[in-house]
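Residue numbers (the working numbering), protein chains in the order written: chain F, 1 to 392; chain S, 1 to 268.
By construction, these hints were calculated from the structure, which means they are not laboratory data. Where hints are given, some of them may not hold.
So these bits of chain S aren't anywhere near chain F, every CB distance computed over 12 Å [what the hints assert, rightly or not]:
1. TRP24
2. LEU38
3. PRO90
4. LEU106
5. LEU187
6. LEU205
7. VAL213
8. PRO240
With a straight-line cut-off of 25 Å between C-alpha atoms, the simulated SDA-like cross-links for lysine to any residue are [what the hints assert, rightly or not]:
9. F/LYS229 - F/THR74
10. S/LYS207 - S/ALA190
11. S/LYS99 - F/ALA91
12. F/LYS229 - F/PRO89
13. S/LYS99 - F/LEU183
14. F/LYS130 - S/THR30
15. S/LYS99 - S/PRO15
16. F/LYS130 - S/LEU176
17. S/LYS180 - F/VAL102
18. S/LYS99 - F/GLY155
19. S/LYS99 - F/LYS229
20. S/LYS180 - F/TYR29
21. S/LYS180 - F/THR74
22. S/LYS99 - S/LYS207
23. F/LYS229 - F/THR240
24. S/LYS180 - F/LYS229
25. F/LYS130 - S/ARG32
26. S/LYS99 - F/GLY156
27. F/LYS130 - S/TRP24
28. S/LYS180 - F/ARG107
29. S/LYS99 - F/THR240
30. S/LYS99 - F/ALA363
31. F/LYS130 - S/GLU102
32. S/LYS99 - F/LEU243
Note that beta-carbon positions come from the ideal geometry of N, C-alpha and C, so glycine has one too.
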Amino acid sequence: MPGSQTRKAVKVSKVDDSAVAIDALVKRYPGAPANAVDELFLEVRPGEIFGLLGPNGAGKSTTIGILTTRVIPTGGTATVLGVDVVAHPVAARRLLGVVPQVNNLDRSLNAWQNLVFHAAYHGVPRALRKARATELMESFGLTGRGRDSVNTYSGGMAQRLLIARALMHDPRVLFLDEPTTGLDPQARLFVWDRIRELRAAGVTIVLTTHDMDEAADLSDRVGIIDHGKLLALDTVHALTRGLEGKSMLDITIARLPGPAARELPDVLALPDVPALPDLLELPDVPLGLLELPDVLAGVDGVERVERVESAPAVRGGPGGAPPFGPPRPAAAPAGPATGETRFRLYVSRDPAAVLGPVAQLLARRGCPITDVQIGEPSLEDVFIALTGRSLR
Amino acid sequence: MSVSAQAAVRRGVSPLRVVLAILWRDAVVTWRDIISVLAQVVLQPLVMLFIFVGVLGRLAYVDPSYDDVLLPGVVAMSGFVAALQAVALPLMMEFGYTKEIEDRLLAPVPISLVGLEKVLAAALRALFAAAVTLPAGMLIVQDATFRVDGLPLLVLSVLLGGWAAGAIGLIIGTLLPPSKVGIMFALIIAPMLFTGGTQYPWPSLGKLPWFQVLTALNPMTYASEGVRAALEPQVPHIEPWISMVVLTGSCVVLTAIGMVSFRRRSLT
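Work the whole structure out from these sequences, hints included.
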């Protein structure tokens with residue numbers, strides 16, 4: 001084994017510094033029409049939380065299966081902490097822990113036995129496995145439930161026990177396959193906290209999830225794969241920033257210009273709207289509702305403007321409206337009844353940089369801004385942009 | 001975890017220790033369900049003994065000396081069936097539905113050793129089943145004589161028979177999906193139970209050559225003959241050394257096939 005590792009180190013020097021390195025990995029299942037994993041390249045850095053995202057059937061579970069030594073690849077290499085998982089599966093299994101997608105706890109054993117036997121399979125000395133099990137039962141909120149059959153465990157408890165079990169042999173890289181699917185919000189937050197603690201303790205985490213908020217909140221970097229290929233790999237911030245023209249600025253103005261003003265600014269209604277500097281030289285005349293979008297669209301960096309009759313504000317946090325979905329009815333619609341009108345500006349530049357000129361313009365035209373919301377594209381937008389909207 | 005534990009895990013652990021840990025898990029699980037395990041493995045042979053000797057013998061349909069043939073056969077059968085069932089059914093369920101075995105498949109040993117452990121556990125379970133069946137059977141046939149000289153051959157026959165049965169269970173359990181449990185009982189286990197020399201001494205089958213050939217293909221026949229030679233040497237039987245050689249050969253071949261099959265089922 002050391003020999004082959006040395007040879008590998010010469011060929012691909014980064015392998016030894018990576019927690020996980022995947023090089024031109026291919027997996028074709030017998031009889032399948034296409035490769036499940038198709039020339040995949042991936043690198044996970046030590047100590048990071050890496051989110052592996054992709055639609056159903058994209059090849060995530062196959063990739064995790066290969067890395068955890070249960071799936072034999074058709075081609076390419078995969079290493080965990082420099083250990084080739086195909087050539088040296090036994091050595092790799094010492095280094096990694098697995099939290100599977102489905103509950104595969106040993107139902108013939110109670111919860112405590114699930115933990116200590118796992119440690120025994122990994123050669124952890126008896127006294128240590130007891131101490132470790134006590135410690136993990138406590139940190140996963142399962143103290144006092146050790147003697148219970150795992151059949152009596154709720155989904156959330158089983159998931160916590162699965163994670164605790166995977167940690168019994170102190171793995172350096174932990175693979176979590178959809179760790180929070182089906183969990184209630186409390187359990188999800190609890191699992192997130194434990195995952196962050198593990199990172200703080202130096203454990204590298206590779207997780208798959210369909211929950212984009214989870215991936216965005218937890219992951220240091222995410223990789224998006226589809227059809228077995230890597231489509232993007234970066235920090236969430238870099239990925240969303242890369243989605244140009246997808247940032248948004250929601251502007252709400254208090255009142256519309258009076259009807260008398262409507263006939264005045266003919267020049268502003270021209271299809272070929274002058275750019276902002278020219279506009280600023282025009283007389284300060286109030287704008288009409290119909291003209292306003294065109295004027296706003298002339299601001300440098302604004303790609304498109306739409307009037308959002310009664311849409312809620314752009315998402316300010318979790319639970320908000322999807323920024324790119326169709327406008328949903330709001331409880332208190334902004335509109336003529338309240339004297340407010342909202343415009344959504346799709347901007348290709350930093351929304352904050354566009355806000356200044358827009359505010360200036362509106363102030364000069366006598367339209368006081370009552371609310372401003374900046375909408376950055378979410379990871380979900382990146383995901384949809386890369387993998388499309390079609391169902392799998 | 002403390003540094004020493006980390007070191008212990010990283011340094012690697014001998015495959016034997018891992019296999020023993022998994023074996024210990026099976027022992028704990030068996031002990032937990034001891035009543036149902038006993039019911040599964042010794043009830044059927046004892047009922048057979050009771051009907052043939054206790055009932056048909058009393059009614060004079062069966063010769064009184066038949067218990068010398070049947071008791072050893074039933075002891076061998078209980079061991080064989082116990083071993084087969086210890087592996088085949090749980091494996092079908094664990095691979096097909098519960099996925100419970102996955103944690104053991106991630107243990108730091110070659111995966112085929114996890115399959116080998118199943119066969120080892122099966123052989124021990126055969127010994128246990130035979131150890132319960134023999135005294136109970138002696139009570140049923142009311143024969144308190146036990147040939148101590150035959151003990152080594154008895155243990156060896158039961159162990160090797162159990163090993164072969166465990167290997168067959170490994171093959172069945174890794175090849176058949178859980179939906180085929182019925183087929184397994186009807187087409188594999190039931191015919192094996194009646195072609196395994198339990199109810200007749202093999203040499204006496206000379207009058208039925210085709211059946212003699214058929215039974216010679218069942219490894220259980222050699223376990224029955226071995227136990228019979230150990231307990232009731234006056235009954236005609238295959239030379240013990242031949243039985244043991246054939247059994248050992250069967251164990252080697254079946255175990256090799258089973259381990260390959262187990263590995264293929266575990267990996268995709």
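Structure-based check of each hint:
1. Against the 12 Å criterion, S/TRP24 falls within the reach of chain F, whose nearest CB is about 7 Å from its own CB.
2. Every C-beta of chain F lies more than 12 Å from that of S/LEU38, the closest at about 17 Å, which supports listing it as non-interface.
3. Distance check on S/PRO90: its Cβ comes as close as 9 Å (rounded) to a Cβ of chain F, failing to clear the 12 Å threshold; non-interface status is violated.
4. S/LEU106, annotated as away from the interface, has a beta carbon of chain F within 12 Å; the closest lies near 6 Å.
5. In this structure S/LEU187 is separated from chain F by more than 12 Å, as the shortest Cβ-Cβ distance comes to about 27 Å.
6. The Cβ of S/LEU205 lies farther than 12 Å from every Cβ of chain F, with a closest approach of about 42 Å, so its non-interface assignment holds.
7. With a least beta-carbon separation of about 38 Å from chain F, S/VAL213 lies farther than 12 Å from that chain, consistent with its non-interface assignment.
8. No beta-carbon of chain F comes within 12 Å of the beta-carbon of S/PRO240; the shortest separation is about 38 Å.
9. Among the hinted pairs, F/LYS229 with F/THR74 is consistent with the structure: their alpha-carbon atoms are about 15 Å apart, no more than 25 Å.
10. Between S/LYS207 and S/ALA190 the CA atoms are separated by roughly 23 Å; this keeps the pair inside 25 Å, and the hint holds.
11. Restraint check for S/LYS99 and F/ALA91: the C-alpha separation of about 23 Å stays at or below 25 Å, so the hint holds.
12. For the suggested pair F/LYS229 and F/PRO89, the alpha carbons sit about 24 Å apart, so the restraint of at most 25 Å is met.
13. Our distance criterion of 25 Å between C-alpha atoms is met by S/LYS99 and F/LEU183, whose separation comes to about 20 Å.
14. About 22 Å separates the Cα atoms of F/LYS130 and S/THR30, which keeps this hinted pair within 25 Å; it holds.
15. A C-alpha spacing of about 22 Å is found between S/LYS99 and S/PRO15, which places the hinted pair at or below 25 Å, so the restraint holds.
16. Our distance criterion of 25 Å between C-alpha atoms is broken by F/LYS130 and S/LEU176, whose separation comes to about 38 Å.
17. At roughly 23 Å between alpha-carbon atoms, S/LYS180 and F/VAL102 fall within 25 Å of each other, so this suggested pair holds.
18. Our distance criterion of 25 Å between C-alpha atoms is met by S/LYS99 and F/GLY155, whose separation comes to about 16 Å.
19. The hinted pair formed by S/LYS99 and F/LYS229 fails the criterion: a straight-line CA distance of about 28 Å is larger than 25 Å.
20. The straight-line distance between the Cα atoms of S/LYS180 and F/TYR29 is roughly 24 Å, inside the 25 Å bound, and the hint therefore holds.
21. A threshold of 25 Å between alpha carbons decides the hint, and for S/LYS180 with F/THR74 the separation of about 31 Å lies outside it, so the pair is violated.
22. Proposed proximity of S/LYS99 and S/LYS207 is contradicted: the alpha carbons are some 49 Å apart, above 25 Å.
23. Annotation: proposed proximity of F/LYS229 to F/THR240 holds, straight-line Cα distance about 20 Å (limit 25 Å).
24. For a cut-off of 25 Å, the pair hint linking S/LYS180 to F/LYS229 is broken: about 38 Å separates their Cα positions.
25. The hinted pair formed by F/LYS130 and S/ARG32 meets the criterion: a straight-line CA distance of about 21 Å does not exceed 25 Å.
26. Only pairs whose Cα atoms come within 25 Å are accepted, and S/LYS99 paired with F/GLY156 is accepted, the gap being roughly 18 Å.
27. Annotation: proposed proximity of F/LYS130 to S/TRP24 holds, straight-line Cα distance about 16 Å (limit 25 Å).
28. Note on S/LYS180 and F/ARG107: the hinted pairing holds, with a Cα-Cα distance of about 22 Å set against a maximum of 25 Å.
29. With a C-alpha separation of about 38 Å, the suggested pair S/LYS99 and F/THR240 falls outside the 25 Å cut-off, and the hint is violated.
30. With a C-alpha separation of about 66 Å, the suggested pairing of S/LYS99 with F/ALA363 is violated against the 25 Å cut-off.
31. The straight-line distance between the Cα atoms of F/LYS130 and S/GLU102 is roughly 22 Å, inside the 25 Å bound, and the hint therefore holds.
32. With a C-alpha separation of about 41 Å, the suggested pairing of S/LYS99 with F/LEU243 is violated against the 25 Å cut-off.
When held up to the earlier numbered hints, the structure conflicts with 1, 3, 4, 16, 19, 21, 22, 24, 29, 30 and 32 and fits the remainder.
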